[in-house]
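K.L.:
Produce the entire structure from the sequences given, and follow the hints as far as they go.
Protein chains in written order, with our numbering: chain W, 1 to 111; chain P, 1 to 115.
Please keep in mind that the hints were generated in silico from the structure rather than gathered at the bench.
There may be inaccurate statements among the hints.
With the C-beta cut set under 7 Å, the calculated list includes, among others, these residues of chain W facing chain P [what the hints assert, rightly or not]: (1) 24; (2) 44; (3) 68; (4) 79; (5) 89; (6) 96; (7) 97; (8) 98; (9) 101; (10) 102; (11) 103.
Remember, it's a predicted structure, so these values are computed and weren't measured experimentally.
Glycine included, each C-beta is placed from N, C-alpha and C at the ideal position.
Below are the chains, spelled out letter by letter.
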Amino acid sequence: GENVGLHLPTLSVQEGDNSIINCAYSNSASDYFIWYKQESGKGPQFIIDIRSNMDKRQGQRVTVLLNKTVKHLSLQIAATQPGDSAVYFCAEMSNTGKLIFGQGTTLQVKP
Amino acid sequence: NAGVMQNPRHLVRRRGQEARLRCSPMKGHSHVYWYRQLPEEGLKFMVYLQKENIIDESGMPKERFSAEFPKEGPSILRIQQVVRGDSAAYFCASSQVGRISYEQYFGPGTRLTVT
Numbered sequence: 001g002e003n004v005g006l007h008l009p010t011l012s013v014q015e016g017d018n019s020i021i022n023c024a025y026s027n028s029a030s031d032y033f034i035w036y037k038q039e040s041g042k043g044p045q046f047i048i049d050i051r052s053n054m055d056k057r058q059g060q061r062v063t064v065l066l067n068k069t070v071k072h073l074s075l076q077i078a079a080t081q082p083g084d085s086a087v088y089f090c091a092e093m094s095n096t097g098k099l100i101f102g103q104g105t106t107l108q109v110k111p
Numbered sequence: 001n002a003g004v005m006q007n008p009r010h011l012v013r014r015r016g017q018e019a020r021l022r023c024s025p026m027k028g029h030s031h032v033y034w035y036r037q038l039p040e041e042g043l044k045f046m047v048y049l050q051k052e053n054i055i056d057e058s059g060m061p062k063e064r065f066s067a068e069f070p071k072e073g074p075s076i077l078r079i080q081q082v083v084r085g086d087s088a089a090y091f092c093a094s095s096q097v098g099r100i101s102y103e104q105y106f107g108p109g110t111r112l113t114v115t
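P.N.:
Right, dumping it as structure tokens:
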């Protein structure tokens with residue numbers, strides 16, 4: 001069935017530390033995954049994506065890791081800043097193009 | 001270079017009334033997706049439309065909900081005879097060419113409150 005979920009509902013980190021947000025998915029046939037950031041009162045904002053033929057992809061201060069063996073995704077944010085405080089969702093794309101979202105992890109950055 | 005636009009941003013309806021939510025995709029985008037987000041939850045897919053066609057409506061409730069994306073004008077999500085359980089944030093996303101381009105750009109959402 002469709003199940004993209006996150007391990008922890010809330011993550012609290014100190015400003016300047018690295019953050020790691022995890023996600024598990026159940027459809028081993030999925031070939032495209034995305035991380036979104038959602039600030040209060042706003043729509044999801046694309047952060048980074050990865051295709052299943054890759055294990056790792058890096059952006060500016062963010063890295064996504066994909067472990068297909070255990071069907072696990074993670075988002076790493078380097079030098080976390082107060083502006084990173086938000087809810088983070090992983091999503092997988094079905095073969096019809098729809099996105100299947102996890103429940104979300106709230107990232108709180110302490111100054 | 002306007003992004004995805006949704007209106008209204010906030011909508012209050014009494015039980016039994018109709019709600020109409022509008023979505024204007026990004027310029028050049030012909031694919032629209034609607035998602036619903038209940039408080040403290042993730043987004044749930046509702047429907048995927050191209051111009052004048054419904055491609056996937058597997059997430060739409062069987063009754064009271066409908067969606068369209070006409071040749072001209074915005075995409076409309078219509079909820080008839082609203083109930084309190086319809087209170088949620090409704091997000092629209094658009095993409096240039098279906099699955100091929102992958103990335104979906106989201107609008108700011110319409111927050112529906114049913115009293």
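K.L.:
Next step is simple, just say for each hint if it's right about the structure.
P.N.:
Each hint tested on the structure:
{"no.": "1", "hint": "24", "in the structure": "violated (13 Å)"}
{"no.": "2", "hint": "44", "in the structure": "holds (5 Å)"}
{"no.": "3", "hint": "68", "in the structure": "violated (18 Å)"}
{"no.": "4", "hint": "79", "in the structure": "violated (25 Å)"}
{"no.": "5", "hint": "89", "in the structure": "holds (6 Å)"}
{"no.": "6", "hint": "96", "in the structure": "holds (5 Å)"}
{"no.": "7", "hint": "97", "in the structure": "holds (4 Å)"}
{"no.": "8", "hint": "98", "in the structure": "holds (4 Å)"}
{"no.": "9", "hint": "101", "in the structure": "holds (4 Å)"}
{"no.": "10", "hint": "102", "in the structure": "holds (6 Å)"}
{"no.": "11", "hint": "103", "in the structure": "holds (5 Å)"}
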